Amino acid sequence: MALEDTRTLRFFNRGPSAVARLVFFSVLSLLLLFVDARYQYLESTRQVISIIIYPFQRLTALPGEMWDGANAFISLQSHLVADNEQLHLRHDADSAQLKQMETVLSENAQLRALLEIKQRAEYSVQAAQIVYLERDIFKRKLFVDAGEQNGVQAGRAVVDNSGVVGQVTRTYPYLSEVTLVTDKDNVVPVQVVRTGLRAAVFGSGNISELELRYQPVDVDIQAGDELVTSGMDGTYPPALPIAKVIRVERDPAYPFARIACVPLAGVDRHRTLLIVSGVPTLPPRPAADDAHGTAVPGKKAPRRGTP
Amino acid sequence: MRHQMTMDREFLLPASRRFILASFIAAVLLEWLPWHGMALVLRPDFVGLLLLYWCTHKPHRVGIGIGWMLGIFVDVADASLFGQHALAYSVLAFGGLALNRRVQMFSLKEQSVHVFVLLLASYGVYALVHWQVRGYVEWSYFLGSLTSALLWAPLTLLIQTLRRPRRNPNEL
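Going down the list, the protein sequences come from chains A and B. If you count by the numbering used here, then the first sequence holds residues 1 to 307, one letter each, in order. If you count by the numbering used here, then the second sequence holds residues 1001 to 1172, one letter each, in order.
No wet-lab data here; the hints were simulated from the structure. This one's a predicted model, so the numbers in the text were calculated from it and none came from an experiment. Ideal Cβ placement from N, Cα and C applies to all residues, glycine included. Don't take every hint at face value.
[To be verified] Some chain B residues well away from chain A (every beta-carbon gap over 12 angstroms; in silico):
{"#": "1", "residue": "S1023"}
{"#": "2", "residue": "M1069"}
{"#": "3", "residue": "S1112"}
[To be verified] To list a few chain B residues with every Cβ distance to chain A over 10 angstroms, as calculated:
{"#": "4", "residue": "L1021"}
{"#": "5", "residue": "V1028"}
{"#": "6", "residue": "F1073"}
{"#": "7", "residue": "A1098"}
{"#": "8", "residue": "M1105"}
{"#": "9", "residue": "K1109"}
{"#": "10", "residue": "H1114"}
{"#": "11", "residue": "G1124"}
{"#": "12", "residue": "R1134"}
{"#": "13", "residue": "Q1160"}
[Unchecked claim] A few chain B residues that face chain A, going by a derived Cβ cut-off under 8 angstroms, partial list only:
{"#": "14", "residue": "I1064"}
{"#": "15", "residue": "A1086"}
{"#": "16", "residue": "V1133"}
{"#": "17", "residue": "A1153"}
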């Protein structure tokens, strides 16, 4: 039997006591917390550690990938044929629609040229696979397998085939962290398709709900209205579908209506997401006049006490 | 009395450095599996639980320092603030060290209750930091401490089986 096991069990035979250690490491943690929450100094450390643990992270994603792979491998041929046929049909329908859209696009370009409106941006997309979903129930985040090495930058919008998923908030060499639009207090500038009303939609922290805040009780919004991004802050390209209004509560006792929306993008339905790039940067915002401090649209937590 | 004897012997079982390291890697991998939705809410804190196990069973080997380092790794993987898990695991490790003498007297059921309280404290620390920084707490988060405590007995039995030295097949 090893010698250490026969010793009398004191907390530590050498070195400082357990309490001293606890105090030391707690202070160290609090210091790190403070620095990380307030400043950006620790990003490089985070990057280094993330490279070390990257292989392990990929390893944990392996069972899911293998399951998918096995499913694909043993799927019946008749299924594949049916699938293929369906895809062909859809492709035909889509290409017809695309032709139509090309005409509309050229017409639109012509009209815009006539009106001398700056070209609406065209953007390119880059596919990325979800490596894993949120780790922490406090946060609505996921990781995709495209990182700095693939040219992804923080701030890029992330979409799937049905709507906006979120925004890249941090990049690692081989991974990117995507914050979902449903993350608590995440703000996206939107526009109501039916009326053209501009508003901001806020994440609720619940994966299947968004809130349209700060709209007066008599606002013209109905259940079933579709919301698209307005492209106001330059982060999200304009006219991407994002959510659908499901419930409007108008209580005259409160200054604002309570409007609940459901996000259109299904994070739990696909493995592949698209990262939007090439959104043109807007001209820089003129410095705000000190006399009237204006609220920045993309800012977290609305400022309290502003008249 | 016999129960007491077996328990004591369990505490004297050897554990190599390599075994402890491997167990931690296994726990981290389990924690990194793609948990989702309700499973994520109920996901036990494998790393925290294992840390507690080694702190109570091998306090000379695993202590607050190792808990803190594990916390930093988990912080990076979870994209939480630096030090958030580290602080929670330091508190947990301290609780484990404090429990070390006492835990040998208890049956697994009684141990689980103690472990639940310690895990609750550690979860509380994590939630407190989150509340300070981001201003809200999700109460369902604390469900994880309950599932973790329920996992204590199976985990203890599993690791003790793995630690028991293999008998020599040629022995009579």
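Hints and how they fare:
1. Every beta carbon of chain A lies more than 12 angstroms from that of S1023/B, the smallest distance being close to 15 angstroms; the non-interface claim holds.
2. A cut-off of 12 angstroms between C-beta atoms contradicts the statement that M1069/B is not in contact with chain A; the least separation is 10 angstroms.
3. With a minimum CB-CB distance of about 22 angstroms to chain A, S1112/B clears the 12 angstroms threshold, and the non-interface call stands.
4. Against chain A, the non-interface label of L1021/B holds: every CB pair exceeds 10 angstroms, the least being about 13 angstroms.
5. For V1028/B, the condition that its CB be more than 10 angstroms from all CB atoms of chain A is violated, with the nearest at approximately 7 angstroms.
6. Interface exclusion of F1073/B from chain A breaks down, the closest Cβ pair being 6 angstroms apart, not more than 10 angstroms.
7. At roughly 7 angstroms from the closest C-beta of chain A, the C-beta of A1098/B falls inside 10 angstroms, breaking its exclusion from the interface.
8. Under the 10 angstroms C-beta cut-off, the non-interface status given to M1105/B relative to chain A holds; the minimum distance is some 13 angstroms.
9. At the 10 angstroms boundary, the C-beta of K1109/B stays outside the reach of chain A, the nearest C-beta of that chain being 23 angstroms off.
10. Distance to chain A confirms H1114/B as a non-interface residue, since its nearest Cβ pair spans about 17 angstroms, more than 10 angstroms.
11. At roughly 14 angstroms, the least C-beta separation between G1124/B and chain A is larger than 10 angstroms, which holds for a residue marked as non-interface.
12. The claim that R1134/B lies off the interface is violated: its Cβ sits roughly 7 angstroms from the closest Cβ of chain A, which falls inside the 10 angstroms cut-off.
13. With a minimum CB-CB distance of about 15 angstroms to chain A, Q1160/B clears the 10 angstroms threshold, and the non-interface call stands.
14. The closest approach between the C-beta of I1064/B and any C-beta of chain A is roughly 4 angstroms, which is under the 8 angstroms cut-off, so the hint is satisfied.
15. This hint holds: A1086/B has a C-beta 5 angstroms from the nearest C-beta of chain A, less than the 8 angstroms allowed.
16. At about 5 angstroms, the closest approach between the beta carbon of V1133/B and any beta carbon in chain A falls short of 8 angstroms, and the interface hint on this residue holds.
17. For A1153/B, the interface hint is violated, since its Cβ never comes within 8 angstroms of a Cβ in chain A; the closest pair sits about 23 angstroms apart.
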